[in-house]
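Protein chains: 2
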Amino acid sequence: MGRNVSGAAKRATIIDVARQARVSISTVSRVLNERPVADQELVVRVRAAADELGYRPNAVARDFRRGRTTSIGVVVPDLANPFFTHVLKGLANDVRAGEHRLLVVDSGEDPEEEIQLVEQLAERCDGMVLCSPRMSRAHLQAVAGLDIPVICTNRSVAGLPLGTIGVDSAVGMAQAVTHLYELGHRHVGYLAGPQSSWSDARRREGLTSAAAACGMEVSVTVAGSASDAGFTRLPDLLREGVTGVLAFNDLVAVGALARLRELEVAVPGDLSVVGFDDIPVAAFLGPPLTTVSVPKEDLGRAAWAMLRQQMQDGEVASEQWLPSALVVRQSTAPHPKRLQSGAGRRDGRRAAR
Amino acid sequence: MGRNVSGAAKRATIIDVARQARVSISTVSRVLNERPVADQELVVRVRAAADELGYRPNAVARDFRRGRTTSIGVVVPDLANPFFTHVLKGLANDVRAGEHRLLVVDSGEDPEEEIQLVEQLAERCDGMVLCSPRMSRAHLQAVAGLDIPVICTNRSVAGLPLGTIGVDSAVGMAQAVTHLYELGHRHVGYLAGPQSSWSDARRREGLTSAAAACGMEVSVTVAGSASDAGFTRLPDLLREGVTGVLAFNDLVAVGALARLRELEVAVPGDLSVVGFDDIPVAAFLGPPLTTVSVPKEDLGRAAWAMLRQQMQDGEVASEQWLPSALVVRQSTAPHPKRLQSGAGRRDGRRAAR
DNA sequence: TTCCGCTCAGAAAACGTTATCTGACAGCCT
DNA sequence: AGGCTGTCAGATAACGTTTTCTGAGCGGAA
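Each protein sequence line maps, in turn, to chains A and B. According to our numbering, the first sequence is numbered sequentially starting from 4. According to our numbering, the second sequence is numbered sequentially starting from 4.
In case anyone wonders, no lab produced these hints; they're calculated from the structure. Keep in mind the model is a prediction, meaning the values are calculated, not measured. Among the hints, erroneous ones may be present.
The list treats identical chains as one, so a pair stands whether inside a single copy or across any two.
[Stated by the list, open to error] Straight-line alpha carbon distances no greater than 25 Å define the calculated DMTMM-like cross-link-like pairs of lysine to aspartate or glutamate that follow: (1) Lys92 to Glu322; (2) Lys92 to Glu112; (3) Lys92 to Asp171; (4) Lys13 to Glu318.
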């Protein structure tokens, strides 16, 4: 069945089915694509023949002929980063509902690799979503010239005909800063993200302007996007005498927390820590992390909605910004020197008392 | 350039290039695929024409004609699970080196969805890697009938012509059990994984047989693969009176740790916890998690090596098992009732004394 | 009865490549 | 000088579909 004597499986084509069913290939195509066929007898014969031969249509041939692939491509800087995987979840859930499938590729945070992948993938997709692209503006422009709609997340592309959807990190950052200010902190540190990250620029911007507004001092050290960076760079800020630390993202905050534990600095007793993204483990850390929550799934959903619209209506490049909001958990508390009372609901295990 | 008056970009084909360069399409194809062309003049003309028209070959047409896609598909139950993303990293790094690209899809832990995705993706790939497939054996058999090589990770497929590569979790589990036994624990609990998980079955098996070997009591409760499951189910084990807990994976352990913190049970002072997988945050937790380390990147690399071999040599279904090993950190300590001395290097903050 | 129009399945064209085949021309040997 | 061999680029045949075109058959209206 479907295999010839040599053992090398020779795959049945639509022609074989047609021959077997004693109809034309047009009829086979019609039956298999559920287009109206008058004679039910033919339908039955075709179905039987296809079954018998184990026929499965050649998807590449079909895509080729149809000129579309029913695939949506997603390019992500780093699949190991929980932030992206949650954006993906949002995307996947909604895409799955339709007739499209999602193809994901990881660019490894490499801008050159990224543009290459995008160009290759674009050839095989009906539309694409670029998550926080690291590539240069020039490359982005090249992407805009591709002949499929592309949505860009977390990156402003002023002037380029690309749908954009991102997180307004300024609000969340401002909330975080105000939160620390109200707790009495007057000098905070920022564990910055990768230099190529547009989001980091926005977060840093939001942080400095909010801090300036309430007259707080800010120290910055460049970390990265992974935990070990937070672990390594945290002491830089401690040396500066900060009493609160804001991290580029939760992963970095996790590293910072670990270092603080090692240094026996109590959180939040001696130092407050704020993350960003609100990844799942954030709520399970010790202490549960105060962080800026970002609607990651919504981001994915919105990207798909926008992409679908562009695929239908032709070219409609729009822009959309989703809110971020502070989630207060237990890694932040009053500045010990100013408001000594009630120093934390559950202070670190060796609060200096 | 490449756009007609209507504004709808009409894409240049190889025929347009040939016409513009005043050569045959065969020559264009030869030049662009870097096959030998004697007359350098022609090469120059073709290159120029292609440039001018902004020609990019239609990848789908090429794949169709060539009968292969230079794409490798990977199917993963849940991209949000760090374990899989690390397997992916290993795969991606090595695949990237060659001329293939990696296409990843997430099945959402749904066996039915999974088989569908696999069948669709298989049509568009030269080979596939199935990570910890949740599908039934019957479906796996269908997969084995596909006409591209497929590698299966973390799932034994006895009798099926599928390359298999997995983690020998029995050793690691045995080490973990012995470790707890030597610390004086005599009754441990297991926070089990998803029922459809073959890995969970293996881990549970390894756990119970090792425990039986040294005469330990084991209580089991079914959790799942995410942190909230660990958080929710942990009390079941506490009620059974266990003094050590082994989790299906680190994510579940994270949830368990959080619940213990909330219940003010000191880890490792009052209770020891062991995870599985050794995901990055494991080392950064409070306390740093004792866990069974699995060579995730190696798993990906090995899968690619095996897949590549199968793609070259034709059908060679083999089997390979990678070791797992206990990594002792600070979430395990002597059973308090038996060996009171040195009750933990850094005990939980409110040890009941 | 004749012709028009409609329905429906088969025939054939197209999609954009790559791979095979063909034929022209040049060089060499006899 | 004639013929044989080899080289190289152009012509053309696939690849497996979907879609458009064609023509046969039939029913109804003039």
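Each hint, compared with the structure:
1. Lys92 to Glu322: This pair counts as within: shortest intra-copy Cα distance 21 Å, inter-copy 32 Å.
2. Lys92 to Glu112: Both ways: lysine 92 and glutamate 112 sit 20 Å apart in one copy and 12 Å across, limit 25 Å.
3. Lys92 to Asp171: Result: close within a single copy only, 20 Å intra versus 30 Å inter.
4. Lys13 to Glu318: between (43 Å within a copy, 15 Å between copies)
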